[in-house]
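Participant: Sequence:
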Amino acid sequence: MEGTGGDGASVGAPLNQWRHDMWKLFRFYLDKSTPHAVYRWIGTFVLALLYALRVYYVQGFYIVTYGLGIYILNLLIGFLSPLVDPELEPSDGPMLPTKGSDEFKPFIRRLPEFKFWYAITKAFCVAFVMTFFSMFDVPVFWPILLCYWIVLFVLTMKRQIMHMVKYKYIPFNLGKQKYGGKKSAASTSRSRGD
Numbered sequence: 000m001e002g003t004g005g006d007g008a009s010v011g012a013p014l015n016q017w018r019h020d021m022w023k024l025f026r027f028y029l030d031k032s033t034p035h036a037v038y039r040w041i042g043t044f045v046l047a048l049l050y051a052l053r054v055y056y057v058q059g060f061y062i063v064t065y066g067l068g069i070y071i072l073n074l075l076i077g078f079l080s081p082l083v084d085p086e087l088e089p090s091d092g093p094m095l096p097t098k099g100s101d102e103f104k105p106f107i108r109r110l111p112e113f114k115f116w117y118a119i120t121k122a123f124c125v126a127f128v129m130t131f132f133s134m135f136d137v138p139v140f141w142p143i144l145l146c147y148w149i150v151l152f153v154l155t156m157k158r159q160i161m162h163m164v165k166y167k168y169i170p171f172n173l174g175k176q177k178y179g180g181k182k183s184a185a186s187t188s189r190s191r192g193d
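At position 194 of the sequence shown the residue is numbered 193 (numbering that gives the first Met the number 0), and the sequence of numbers has no breaks.
Accuracy of the hints is not assured; some may be wrong.
Label pairs and their computed distance ranges (CB to CB) [what the hints assert, rightly or not]:
1. D136 x N15: 31 to 39 Å
2. I107 x V57: 19 to 27 Å
3. I143 x I76: 33 to 41 Å
4. R53 x Y28: 23 to 31 Å
5. K167 x Q16: 50 to 58 Å
6. F152 x F132: 26 to 34 Å
Calculated cross-link-like contacts (lysine-lysine; reagent style BS3-like; alpha-carbon spacing at most 25 Å) [stated by the list, open to error]:
7. K31 x K121
8. K121 x K23
9. K157 x K167
10. K114 x K31
11. K157 x K114
12. K23 x K114
Keep in mind that the hints were calculated from the coordinates and are not lab data.
Note that this is a predicted model, so its numbers are computed, not measured.
Don't be surprised by glycine CBs; every beta carbon is placed ideally from N, CA and C.
With the hints as extra help, turn the sequences into a complete structure.
Facilitator: Structural data, given as structure tokens:
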């Protein structure tokens with residue numbers, strides 16, 4: 000009776016230690032990939048291509064693909080939205096400038112690029128694994144799902160773009176702005192002489 004509780008804990012301890020070590024190793028390589036955005040996105044594109052080829056080859060799992068598309072659309076909205084939406088909640092923190100005379104405040108995303116990439120990559124991995132189980136292959140007429148997703152995408156992006164125009168923000172870093180300024184006197188005199 001003494002050893003009944005001790006054996007289960009001693010058997011599970013190495014498994015828990017191995018799982019913890021694997022998780023630390025995974026986090027280590029994930030953290031090392033953070034500055035390499037282009038390579039991360041290329042890898043995700045390759046994974047998406049493999050998923051598309053799998054769905055095309057199997058000729059099924061359209062409902063899984065539709066769910067994946069809706070999830071990616073939801074992530075895209077978070078990626079393109081500011082952290083503090085000026086329409087919903089006025090805040091004392093950094094807000095988007097609404098007038099030309101307002102002070103510049105950087106655009107802070109609701110969903111940062113790394114988390115956006117990580118969520119999309121995980122979603123493609125889960126969807127890819129789901130294509131190996133026939134219980135997820137629900138027979139549907141895929142053109143209807145595709146049309147519905149396109150309409151949903153267009154309406155959602157229209158609303159998002161109207162929000163961007165209304166509050167005058169661009170969610171992409173286009174580099175440092177360069178202003179034309181005044182031309183030098185020598186360059187203007189040369190252009191008059193020609």
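Participant: If a hint holds in the structure, say so; if it does not, say that too.
Facilitator: How the hints compare with the structure:
A hinted range of 31 to 39 Å for the beta carbons of D136 and N15 is consistent with their spacing of about 35 Å. Roughly 41 Å separates the CB atoms of I107 and V57, a value that falls outside the hinted 19 to 27 Å. Separation of I143 from I76 is about 23 Å and departs from the stated range, judged on CB atoms against 33 to 41 Å. The given range of 23 to 31 Å is respected by R53 and Y28, whose C-beta atoms sit roughly 25 Å from each other.
Take K167 and Q16: their Cβ atoms lie about 53 Å apart, and the range 50 to 58 Å holds. Our hint of 26 to 34 Å for F152 and F132 holds, since their Cβ atoms are close to 27 Å apart. For a cut-off of 25 Å, the pair hint linking K31 to K121 stands: about 17 Å separates their Cα positions. Pair hint K121 plus K23 holds up; C-alpha atoms about 18 Å apart against a cutoff of 25 Å.
For the given pair, K157 sits about 15 Å from K167 by alpha-carbon distance, which is consistent with the 25 Å threshold. Distance restraint check for K114 and K31: the Cα-Cα separation of roughly 14 Å lies within the 25 Å cut-off, and the hinted pair is therefore satisfied. Under the criterion of a C-alpha separation no larger than 25 Å, the hint pairing K157 with K114 is consistent with the structure, at around 24 Å. For a cut-off of 25 Å, the pair hint linking K23 to K114 stands: about 18 Å separates their Cα positions.
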